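With the hints as a guide, bring both chains together as one complex.
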Amino acid sequence: MTDGPISRRALLAGAAGALGAQALERAGLPVPQDPTKVPGTPVSPLGQRSPFERPRRVPVGTGQGISLTPLQNLSGIVTPADLHFERHHAGVPAIDPQRYKLLIHGMVERPTMFDLEALKRFPSVSRLCFLECSGNGFPSYRDIRPDLTPQLVDGLTSTSEWTGVLLSTLFRDVGVKPGARWFLAEGEDAAVMARSIPLEKASDDAMIAYGQNGEALRPEQGYPARLLVPGWEGNANVKWIRRIEIADRPFMTREETSKYSDPLPDCTARLFSFAMDAKSVITFPAYPVTLPDKGWWEIEGLAWSGRGRVRRVDVSTDAGRHWAPAELQQPVLPKCHTRFRYLWTWDGGDTTLLSRAADETGYVQPTLDELRQARGRGTTYHFNHIRAWTVRRDGTVVFGLEG
Amino acid sequence: MSLRTLAAIVALALVGSTCGRAEKGEVRVAAPTRYGFGRPATAAEVRAWDIDVMPDGTGLPPGSGAASQGAAIYARKCAACHGKTGTEGPFDRLVGREPRERFPFGRDPRLVKTIGNYWPYATTLYDYINRAMPLDAPGSLKPNEVYSLVAFLLSRNEIIADTAVMNAATLPRVVMPAHDRFVTDTRRGGPEIR
Chain C
370 MTDGPISRRA LLAGAAGALG AQALERAGLP VPQDPTKVPG TPVSPLGQRS
420 PFERPRRVPV GTGQGISLTP LQNLSGIVTP ADLHFERHHA GVPAIDPQRY
470 KLLIHGMVER PTMFDLEALK RFPSVSRLCF LECSGNGFPS YRDIRPDLTP
520 QLVDGLTSTS EWTGVLLSTL FRDVGVKPGA RWFLAEGEDA AVMARSIPLE
570 KASDDAMIAY GQNGEALRPE QGYPARLLVP GWEGNANVKW IRRIEIADRP
620 FMTREETSKY SDPLPDCTAR LFSFAMDAKS VITFPAYPVT LPDKGWWEIE
670 GLAWSGRGRV RRVDVSTDAG RHWAPAELQQ PVLPKCHTRF RYLWTWDGGD
720 TTLLSRAADE TGYVQPTLDE LRQARGRGTT YHFNHIRAWT VRRDGTVVFG
770 LEG
Chain E
4 MSLRTLAAIV ALALVGSTCG RAEKGEVRVA APTRYGFGRP ATAAEVRAWD
54 IDVMPDGTGL PPGSGAASQG AAIYARKCAA CHGKTGTEGP FDRLVGREPR
104 ERFPFGRDPR LVKTIGNYWP YATTLYDYIN RAMPLDAPGS LKPNEVYSLV
154 AFLLSRNEII ADTAVMNAAT LPRVVMPAHD RFVTDTRRGG PEIR
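Residue numbers (our numbering), protein chains in the order written: chain C, 370 to 772; chain E, 4 to 197.
Keep in mind the hints are simulated off the structure, nothing from the lab.
Computed from a prediction, not measured in an experiment: that's the story for all the values here.
Even glycine gets a Cβ: it sits at the ideal position worked out from N, Cα and C.
If a hint is listed, it holds; no wrong ones were tucked in.
Calculated pairs, SDA-like style, for lysine to any residue (alpha carbon to alpha carbon, straight line, at most 20 Å): (1) C:Lys628 / E:Leu138; (2) C:Lys546 / E:Thr61; (3) E:Lys80 / E:Pro93; (4) E:Lys116 / C:Pro508; (5) E:Lys116 / C:Gln433; (6) E:Lys116 / C:His458; (7) E:Lys116 / C:Pro634; (8) C:Lys546 / E:Arg42; (9) E:Lys80 / C:Ala559; (10) E:Lys116 / C:Gly504; (11) C:Lys470 / E:Asp53; (12) C:Lys546 / E:Thr36; (13) C:Lys628 / E:Pro137; (14) C:Lys628 / E:Thr187; (15) C:Lys628 / E:Arg190; (16) C:Lys628 / E:Arg110; (17) C:Lys628 / E:His182; (18) C:Lys546 / E:Thr45; (19) C:Lys628 / E:Val178; (20) C:Lys628 / E:Thr90; (21) E:Lys116 / C:Asn604; (22) E:Lys116 / E:Arg103; (23) C:Lys489 / E:Arg37; (24) C:Lys628 / E:Val186; (25) C:Lys470 / E:Tyr38; (26) C:Lys489 / E:Thr36; (27) C:Lys470 / E:Trp52; (28) C:Lys628 / E:Pro107; (29) C:Lys470 / E:Ile54; (30) E:Lys116 / C:Gly745; (31) C:Lys628 / E:Ala135; (32) E:Lys116 / C:Phe507; (33) C:Lys628 / E:Phe94; (34) C:Lys470 / E:Ala47.
Derived list of chain C stretches under chain E, where covered just means 3 residues or more per stretch with a C-beta under 8 Å from a C-beta of chain E: (35) 479-487; (36) 548-561; (37) 606-615; (38) 631-637; (39) 724-733; (40) 737-745.
Here chain E stands alone, though its shape is the one from the complex (with noise of 0.2 Å):
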C-alpha cells in the first residue's frame, strides 16, 4: 500500500465516509479503473522490440534474399550446428520431406520433424531465425541475410523453387506442406481421455 492511499483511507476514516463501511471504523475504498502507473511507451521503444512476423506478413521487414545467397550464410553460420545440407545435425535437422503422403507423427516415434515436413507456417521461419539465431550470435543478422536463410531452407525443403525471391510479398504467400495438418485442442477436463 503506497502512503497516499493509506492518507487517503485515514482521511476516509476521519471524515465518516459511508463508502463501502463494513463496521465501525472500518473504511474500504473501491478500486479505481486505472492506476496509470507506467509512462506511455514511445513508438521508437515499440518499434525496437516488436520483431514478431505474423503468418499474414505482418511484421515482415523490407529486404529480399534467395537461395543461391542463403547457401553462403548457412555455409558460414548454421552448417555447424545443423549440419552441411540441413540433415546431419548435431542440432535441430531443419531438411526433409519424408513423408510426403500421410503425417504420421502421432504413431511412429522414429520420425524426426523438419521445416519441410512439420512447420505449417512459412513467416515462423523468418520470425524465428531472426529473433534466435545463430545460437552464438542472435539477433545478428539483417533482413537480406534472414530472407536468404530462409529462401534457402524453403528451396533445399523443395517447397519453393531454387530462383525465387522471398521478400514481404512473397514468403506470406507460400503455402507448407503441413498447413492443413494442424487442428485446435479438444481436450477439456471431465471424464474423456483425448
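For reference, chain C alone in the conformation it holds in the complex (with noise of 0.2 Å):
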C-alpha cells in the first residue's frame, strides 16, 4: 500500500479481512488483469464468498467462549448464519437430526414426543428478529478500551429470519393444564442447558425454530432446533432444545439465579430480567478505521429493542451538545436490528459521535452514567448504554469519550 491517501473502499476492505489480489496470487488463486479477456468460473452446486472478502467472528475461550459477529462489515440488518455470534456453555454439540426428538411434558394434558418431522408439519412462521447474549457490551461498561471495535464491543448481538412452530400451537396441541405458569427450556448440549420461562412469553411470540435465513440452524445456533423467544436476552433461546417441562412456578436453574441476575446498587439482585432494552451502536466510522479527509461522510449503525420496533435514533456528532435525527433503513422491525445512516460532513476537528435510540414504548437510551446510576457499576449484564466513538484531527478513531 503506498503512502498516498487511502479510499474508504480501501479501509473497509482492510477492516473487513479482505485480500489483495497480490496476496491472492500467492496463495494460487489468479485473478486476471481483465476478466472480460477469459472466460469464468463454471456453475457450482454451492457458492462462495469471494475470496477477496474474509469477515470472520472473534473467538474467545474455547468451550464454554463467545465468538463476536463483525458488526462492522455488515450491510443491512442481517447477519449471515456463519458470522452469528456464538455462546456456548459446554460446546456445540452434534446432533443427528433423524434422531432428534422433543419432549414437551409436566403440567399437560399429553405429554408428547416430537420428531423434526412432526415439528415441521406444524403450520409454521418465520420473522426476522436480533438475538443478544444478555453480556453484550461489558468492555463498554466495566473495561472500556480505545482500541475496541463494534465488535469487540457489541459482536454478541444479531440478527435472522427464524422459522419454526410457534409454542403456542405446540402448547395447545399437548393441553397446558389450568395453573401452569412457567416452563423450563431444556438443551441437549453437555451443560444441559435449562432456563425458565414464564408461560405468557408462549402465548406471546415465541417459537421452536428449525430454520435461520433461509436454511437448517447452524450448527452453533442450535441445530436442529431451539428455543427463540423474540427481544430477550440470547441464554433464554435455549439451543438445541430437547425437553420443555410446564410447571406452576420457576425452576431456579443455576443460569437464571448464579449467573444471569442482575446485582443492583440497593444490594439485591434483580431475577429474570429478559427483556433487552432500547440500543445503537454506530458502526462506522469507528475503531480502527481511519478517516483520510474532512468532508461529507455516511455515518452508520445498528439499533435494537427487545420490546418492540425502534421509533428513533438520534446522533451527536459534537458530543452530545446537539443531537439530529438519523434515517431508519426500511424495514424498522419489532424486535430486530435497524439500520440507521446519518450524513455528516466532517470539519476535521477533534470530536465525539453518539447515537440514542428510543423505542415505541418511549423507552430512550441512557447515558452510561444513567444506567451506572440505575444498576451500580458492578452489574454484570444488560449494558444497553450510549456508546461513543471519538475523531480525532488525525482523522483516527477511538473508543470511548476522550479529553
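See below:
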C-alpha cells in the first residue's frame, strides 16, 4: 500500500479482512488483469464468498466461550448465518436430526414426543429478529479501552430470519393444565443448559425454530431446533432444545440465579430480567478506521429494542451538545436490528460521535452515567447505554470519550 | 401444507362450501384445535430426561452424602478446574462468604460471586452438578456422589456442618445466605431507566 491517501473502500476492505489480488495470487488463486478477456469459472453446487472477502468472528475462550459477530463488516440488518455470534456453555453438540426428539411434559394433558418431522408438519412462521447475549457490551461498561472495534464492543448480537412453529401451537396440542405459569427449556448440549420461561411468552411470540436465513439452523445456533424468545436475552433462547417441562413456578436453575441475574446498587439482585432494552451502536466510523480527509461521511449503525420497534435514533457529532434524527432504513421491524444512517460533514476537528435509540414504548437509551446510577458499577449484564466514538483531527477513531 | 390438507381444500372448493369464503373460488379451512402430531411420551422417556431439581426438592433422587465423602470426590474430579479449596480457580470460584453483611455486588465490580455469597437456592447445586459437571464427563456422577459434593461445597462455605448429611429431605431445608437478596424485574419499557 502506498503512503498517499487511501480510499474509504480500501479502509473498509482492510477492516473486513479482505485480501489484495497479489496476496490471492501468492495463495494460488489467479486473478486476471482483465476479467472480460477470459472465461469465468463454471456453475457450482455451493456458492462461496469472494476470496477477497474474509469476514471473521472473533472467538474468545473454548467450549464455554464466545465468538463475536463482525458488526463493522455487515450491511443491511441480516447477519450471515456463519457470522452469527456464538455463546455456548459446554461446546456445540453434534445432533443427528433423524434421532432428534423434543419432549413436552409436566402440567400438560398429553405428554408428547415430537421428532423433527412432526415439528415441521405444524403450521410454520418466519420472522426476522435479533438475538443478543445479555452480557453484550461488557467492555463498554467495565473495561473501556480506546482500541475496541464494534465487533469487540457489541458483537454478541445478530439478526436472522427464523422459521419454526409457534410454541402456542405446540402447547395447544399438548393441552396446558390450569395453574401452569412457567416452563423449563432444556438443551441437549453437554451443559444440558436450562432456563425457566414465563408461560405468557409462549402465548405471545415464542417459537421452536428450525430454520435460519432460509436454511436449517447452524449447529452453533442450535441445530436442529432451538427455543426462540424474541427480544429476550440470548441465554433464554435455549439451543438444541430437547425438553420442555411445564410447571406452576420457576425452576431456579444455575444460569438464571447465579449467572444471568443483575446485581443492583440497592444491594439486591434482579432475577429473570429477560427483555433487552433499546440500544444502538455506530459501526462506521469506528476503530480501527482512519478517515483520510474531512468532508462528507455517512455515519452508519444498528439499533434494536427487545420491547418492540425502534422509533427513532438520534446522532450527535459534537459529543452530545446537539442531536439530530438519523434516517432509519426500512424495514423497521419489532425486536429486530434496524440500520440507521446519518450524513455528516466532518470539519476535520476533534469530536465525539454518539447514537441514541428510542423505542415505541418511549424508552430512550440511557447515558453511561444514567445506567450506572440505576444498576451500579458492579452489575454484569444488560449494558445498553450510549456508546461513544472519538474522532481525532488526524482521522483516527477510537472507542469511548476522550479528554 | 400436507397433501391431505390440500385435498381437503380442493374437496371443499368443489362442493361449494360457504365456510370462510372470501371470494368466488377461494375457500379457507379453519385451523383445528389440535393437530395431533407427535406421539405420546412414555413414562420411561420422561423419567430418563426429567433431571431438574426445584427449590422445594421436587426431582431429588434417593441417595445421600456428607462432606467427608465429597472432599475425596472433589479432589479427584473438581479441584483441577476450581482449585484445591474451591477458591483458586482457574474456573469459577465456588467457596467464599465475604462480604457477609451486605450484598454490594451491584456497587463493587471487584467482588467475586461464589456459592456462599451469591447462590439463592441450595437445590440448584444438586441440579447443576448433576446435569453439567464435571466438564469433561458431564452427567457421569451417581446421586450419592452429587449429594456428597453438594455437602462438601455447602460445608466449605460454612452453610452446613461438616458432618451434615445431604439427601432429598435435608437439602431443600438448607437456607442459603443470599436467599432474600433477589428481586423480580421491574423494568417495563417507557421513559424510566431501571
